[in-house]
Amino acid sequence: MIALLGKLFSHPLGQFAAKGKTFLLPAEKSTLAPGIDALFYFCYWISIFFFLLILGLLVGFLVKYRRRPGHEAQETIHHSTPLELVWSVIPLILMIAIFVMGFRGFLDLHTPPDNCYEIQANGQKWSWTFTYPNGYSDSELHAPVDVPVKLTLSSQDVIHSLYVPDFRIKRDVVPGRYTIAWFQATESGESPLYCAEYCGTGHSEMNTKVVIHEPGEFEKWLEKASDFIKTMPPEEAGKLVYQKRGCAQCHSIDGSPGIAPTFKGLFGKQEHLQSGTRTVDENYVRESILQPTAEVVVGFDPVMPTFQGRIKDPEIEVLISYLKTLK
Amino acid sequence: MTSPHAAVGTKPVREIGAPPAELNYLNVTHGIRSWLLTLDHKRIGVMYLVSTLSAFLLGGIFALLVRTEHLTAGKTIMGADFYNQSFTLHGAIMVFLFIIPSIPAAFGNFVLPIMLGAKDVAFPRLNLMSYYLWVTGALCAVISIATGGVDTGWTFYAPYSTSTSTSVIPMAMGVFILGFSSIFTGLNFIVTIHKLRPPGMTWFRMPLFLWAIYGTAILQVLATPVLGITVALLMVERAFGVGIFDPALGGDPVLFQHFFWFYSHPAVYIMILPAMGIISELVATFSHKHIFSYKFIAFSSIAIAILSFLVWGHHMFTSGQSALLGMIFSFITMLVAVPSAIKVFNWITTMYKGSVDLKTPMWYALIFIWVFSIGGLTGVFLGAMSIDVHLHDTYFVVAHFHYVMFGGTVMALLGGLHYWWPKMFGRMYNERISRVATTLVFIGFNLTFFTQFIMGSRGMPRRYFYYPEVYTPWHVASTIGSYIMASGFFLTAGYMIHSLFKGKKAPMNPWGGATLEWRCASPPPVENFATPPTVGDPYDFHQVEYDPESGSWRHKAIAT
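Protein sequences, first through last, are from chains E and Y. Per my numbering, numbering through the first sequence is continuous, rising by one, with the last residue being 435. Per my numbering, numbering through the second sequence is continuous, rising by one, with the last residue being 695.
Hints are not guaranteed to be accurate.
Claimed, not checked - Straight-line Cα separation of at most 35 Å, DSBU-like style, residue types lysine-lysine; simulated pairs: (1) E:K317 / E:K352; (2) Y:K640 / E:K172; (3) E:K172 / Y:K430; (4) E:K172 / Y:K494.
Derived by calculation from the structure, the hints in this document are not laboratory data.
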């Protein structure tokens, strides 16, 4: 219990960094975060003031005018227009001020600068895919520090929402249209990235991390990561594809049951499909990736999105090599 | 201001001091048929009360399941799919089966005609039909649960709701039917208030509860049809593949959100306006003092009702709607804060130099002001667009709307329940035990939901089955709070039911209320009043004086 209480006041994102972190808000790691936090605390102190005012009057009147022998209600006026105006106009002015500041902050969040580094972000049940300008795709969002980064968001299936608390950004990822988000990280390091719009069974597992690199490091990372199929043995490259392309969110490799059939011992197995049994071979794997809902294994729902046009043949090839190792 | 006594007739309205009429609405007829086919607004009100509180119990069980699951960051007692169904059913049951109908349909039905000195609502048969529509809607919800449940969240966002394999259509059908129940109730109340006011009751002599119910009824009639159309379209899309919301079929998922919130934001005010009406009654009666600035409170109800139609887009700041649209919604949202502030300050000023009687209903009114202030002030954070981007879809939002909808509406409902209980059933509950329950509810409520503000602003997304372990202590505290609150509710149910059998007989006017229902026996006779009473100012407490002999307050106009 004491350990729990101690943890209560530690910070939820404590494992990451601490700049700008307060009791109520996570660290500020983007250029826009400090401005948003300033407005947050403006509202906060206004709220504290009015709450204490209301509470003070309430408790004061309660004590002073509580019903007791010898105390009678006294006649007072029933209405006072000046008083009504005071407590209408003061909140109104404060509200308009907050509105203006909130709207300006929103426009900043909404308007990426011209010289952005552009990354495509794709949401699907239940993983993220970030595609960099050289065509390489990864399940993590990597970006350089101090460079504005524009994310063009699209969804493969239902509505998702990309949320990075440390950057104070959140943007719905809506199927059938593109939405935009941007940030400029102010320090290197890692931050969590969540899906904030409910999207089904794996919603709470649809999170990954943002990795911000020091100047010059990002390009090195991208080059190295992009070449993994050429430089690594196929089985190991396949394992990376398994992790980066979101397979791991639903398909286990240890035989444990999940949202989708496990990969353990899958290759070469007789699989029970709704249309009959079939041996899992290279073509079966390829079709399952490109047309996942064409044939569904008995006992599972057709929830996997298609990878048609999103995955390249070399990736499928190394993935098959990896599957063969999972006996 | 006109003299408060001007319209009070000299003729006695009822014999005061006489024992409660032997025949009342409860004992005039017997048997289950006499209840199921009744046209008496009081019996229908009681049936609604029992039904909506049963829905509250069911929705509460799902809430406790969700809270229990969150005792650990991983799997505690259920799997992800059952968790998703639990929060969906919790939300859908609480919103559509409990909060929306609770105060208007239960207390509105029971109290409104009596406050008007009328024999019944304008359309008693329509009233009974609304009730059976509620029952049908509830059955649809049960069918949905029995045939696999729903996992869409109570918001049914497309295209998830059009593609999930769970049983969405029965639940959507239930919501559709419940919508009609709500529309008919609203229509009935509008006509009743327009046509059945007694001699002397001008618009500005109506008790404020009636103003609140009137504002609510307008919202019910004008906003609910849009929800009906929206869920109907959802059913058509699911059943026949007509592309309205799903982009795979050529639809637009953001359109669904516009349709949904066009109803569901006014619905928030359908939930809170009647609650505010109850608080106006409680604060005046238990301060034994004229309500401060009657007209401002009355007009603020109407202002809230009108503004509430124009703020739906503040649920969609991150959805991709245009920034200009968002700006307009944010601005109007900020304006709603003003009439809400007016109400709070007027209630507090009413207590000034009053004689504040701290009976259970008044405790609930004070708790309401506490929680509603927090709920309202945190709404300012969410109305400011740049902050909302960070807080949207986190536990901060969950905490905010529970402070407003649960803290606001349910605290007022409990206040109203304790206030009108003696009138409804002719029995007094145990005041000492009720204080214990009130304390448990207050502590439990704040522990449950205040911790969620902190989690939310730190970045904890809502509807998360697994959550990052750093949030565990806050989740545990929140869950403990929910258990404390639940014990308060069970205790309340216990002493209320006990009072029905063993409670002291309630006098006509145990609290010193000046509105008409306190000039009618407890429990009221079938016809409420033998002749239409004449009325004056509903908040003129000079009209009532305490009679120690009967333990009741007497109306001077009748006593002389």
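So, going through the hints one by one against the coordinates:
| no. | hint | verdict |
| --- | --- | --- |
| 1 | E:K317 / E:K352 | holds (12 Å) |
| 2 | Y:K640 / E:K172 | holds (32 Å) |
| 3 | E:K172 / Y:K430 | holds (27 Å) |
| 4 | E:K172 / Y:K494 | holds (16 Å) |
In this structure, every one of the numbered hints holds.
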